Amino acid sequence: MKLSDLEKLVALFETSGITEMEVEQEGSRVVLKKGAPVVAPPLVYAPAPHQHISAPAIAETSLHHVGGDARENVPNPNYKVILSPMVGTFYRSGSPTANPFVETGGAIRKGQVLCIIEAMKLMNEIESEIDGKIVRIFPENGSPVEFGEPLFEIDPRS
Amino acid sequence: MFKKILIANRGEIAIRIIRACKELGIATVAVHSTEDERALHVRFADESVCIGPAESGKSYLNIPAVIAAAEVTGADAIHPGYGYLSENAAFAEICEACRITFIGPKASAIALMGQKATARDTAMKAGVPCIPGSDGTVADLATAKSVAAAIGYPVMVKAAAGGGGKGMRRFWSEEELVASFDTVRNEAQSAFGDGSVYIEKMLIEPKHIEIQIMADTFGNAIHLGERECSVQRRHQKLIEESPSPILPAATRAKMAEAALLLVKNIDYSSVGTMEFLYDKRGEFFFIEMNTRIQVEHTVTECVTGLDLVKEQIRIAAGQPLRFKQEDIRFSGAAIECRINAEDPTTFIPCPGTITELNIPGGPGVRVDTGIYAGARISPYYDSMIAKLIVHGIDREEALAKMRRSLSEFHVGGIKTTIPICLTAIKADRFIDGTYSTATLDEIIAAQKEADKR
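Taken in order, these protein sequences are the chains called B and P.
Be aware that the first sequence starts at -12, since it is given in our numbering, and climbs by one per residue.
Be aware that the second sequence starts at 5, since it is given in our numbering, and climbs by one per residue.
Any given hint could be a false lead.
Derived lysine to any residue pairs resembling SDA-like cross-links, with alpha carbons at most 20 Å apart [to be verified]: (1) P:LYS62 / B:LEU70; (2) B:LYS108 / P:GLY78; (3) B:LYS108 / P:ARG103; (4) B:LYS108 / P:CYS102; (5) P:LYS62 / B:PRO72; (6) B:LYS21 / B:GLU1; (7) P:LYS62 / B:GLY135; (8) P:LYS7 / P:ARG318; (9) P:LYS62 / B:MET107; (10) P:LYS62 / B:LEU(-4); (11) P:LYS170 / P:ASP445; (12) P:LYS8 / B:ALA106; (13) P:LYS328 / P:GLY309; (14) P:LYS456 / P:GLU446; (15) P:LYS62 / B:LYS21; (16) P:LYS62 / B:PRO137; (17) P:LYS62 / B:GLU105; (18) P:LYS8 / B:MET107; (19) B:LYS108 / P:LYS328; (20) B:LYS108 / P:ALA94; (21) B:LYS108 / P:GLU75; (22) P:LYS62 / B:LEU109; (23) B:LYS108 / P:ILE98; (24) B:LYS108 / P:ALA101; (25) B:LYS108 / P:GLU97; (26) B:LYS120 / B:PRO64; (27) B:LYS108 / P:ILE67; (28) P:LYS62 / B:THR76; (29) P:LYS8 / B:SER130.
Computed footprint of chain B on chain P, listed as stretches where at least three residues anywhere in the stretch have a Cβ under 8 Å from a Cβ of chain B [what the hints assert, rightly or not]: (30) 53 to 60; (31) 68 to 80.
Derived by calculation from the structure, the hints in this document are not laboratory data.
Only a predicted model underlies this, so the values are computations on that prediction, with no experimental measurement involved.
For glycine and all other residues, C-beta sits at the position ideal for the given N, C-alpha and C.
Required output: the full structure, derived from the provided sequences and hints.
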């Protein structure tokens, strides 16, 4: 084996992912090794493209999900989230001049009215199913909410 | 013209409507259940509102939720698609009361033609031939017996509030009628909330031929030709085509005339379809009217070159019809196959996840669908997942295109009715055009026998 060939071989070996290589040619034998493990790395095939090709991405960027942001937050497992049972407009108080039913940090009891969701000119009072303390109020006053949308995060331990 | 339309439906028809809206520059709102969060119609619309849990009754059929969704998004019109709330007169009235335009006919027209018995009365009064039968609903067995005897067996007993092939039963003799008349009424009560039934003469080897009409709010009405939908399994359509391969031109003209006569009699606007049964002896009889856009509107769009959903939206927006009857030209032949997520031999629904998808293409091939690779087909909803429509210069070419494109259509991960569609379009009776509403059931029965051996 000529020196220039050997140089080329070494250069190739260095840049490649191979850690061990043996070449035999015309009576010469060259063994190249690198890195600590001599064990050949397991052959890892790149994963086949996931068949779960989502529907066209174009739709995602233009989509406006009514009140969808709250869902993206990572929920605290100790707290309970009250979800909207209906579609409508979320109001913190019974009328524009009245005080809000609840405030963040305030204590609440089971059966207590937390908010109003208005739909088709009917005001629906949403009651709490548990005792606790309001940790977070998700929707803005007067904003639209959809079915299943998070309304209140409650700490039930208080 | 409307600024924003809410589509009160799901799946392929919701996408169909969204497409028409986009082309007209109208903003769209999709409503969906929690089950349909990743559905294509939700992603294609400009806005979406989750209106309820998976069950249709609590979501897509939930009138307060749909109306509330229109209110919070500021939609000025609602398109109900087909099925669901599309023929719900109460819903149409509520839309009107809430000052939201219902894209369809007036509530009164829906109510009149939605009840089969009143629809029949209306048709008879207008001079449109109907199948000999009872005069309105039949309240008791004694009346049923005398009506049936007068008409002659075999007879059909049908639920007045039924539709889509549901709530009807055949009786070949008085003994059978006496044995099961009350059962049929009880079934109607539990299925439709209305136990009233009426009786009709049963036709032999009839063909289901329907006329598409379109009418505006100015008294103009035109027809867009016929569709033959005789390939049915248990009264559920599987394959539709336009034109009908065997209908004589004179009969077509008479049927179209009858359809328009009826439309003019009932103060109707929007698209609509008059369904007829065409008997072997060459007579046709009115059976029902669908006061909505239909699944198979597609084949009419192919042969006329019109976009029926856009025209429907224009009519609802108060525009006059853009075409006179003489402007309508028919070209070529179109066939549609409904692809259902069902076992092709047992027809048991097969929900699941679609792992691979290849949708056919090429000239004259159209696919209306909401499925995509990775989509989950839910057990909560209708099993139809796609419509494959072909349009050829003549029926022979359309048949060749349908055979070719059905073979290209690959849906992995679930079972579909693609194989049975292929069998049906290759059947002699389909090719020669003589098939009746009984043909598919016969083909399926024959196949079952062949499989046993």
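Find the hints from earlier in the document that the structure breaks and name them by number, from lowest to highest. Numbers 10, 15, 19 - these are the hints that the structure violates, sorted from lowest upward.
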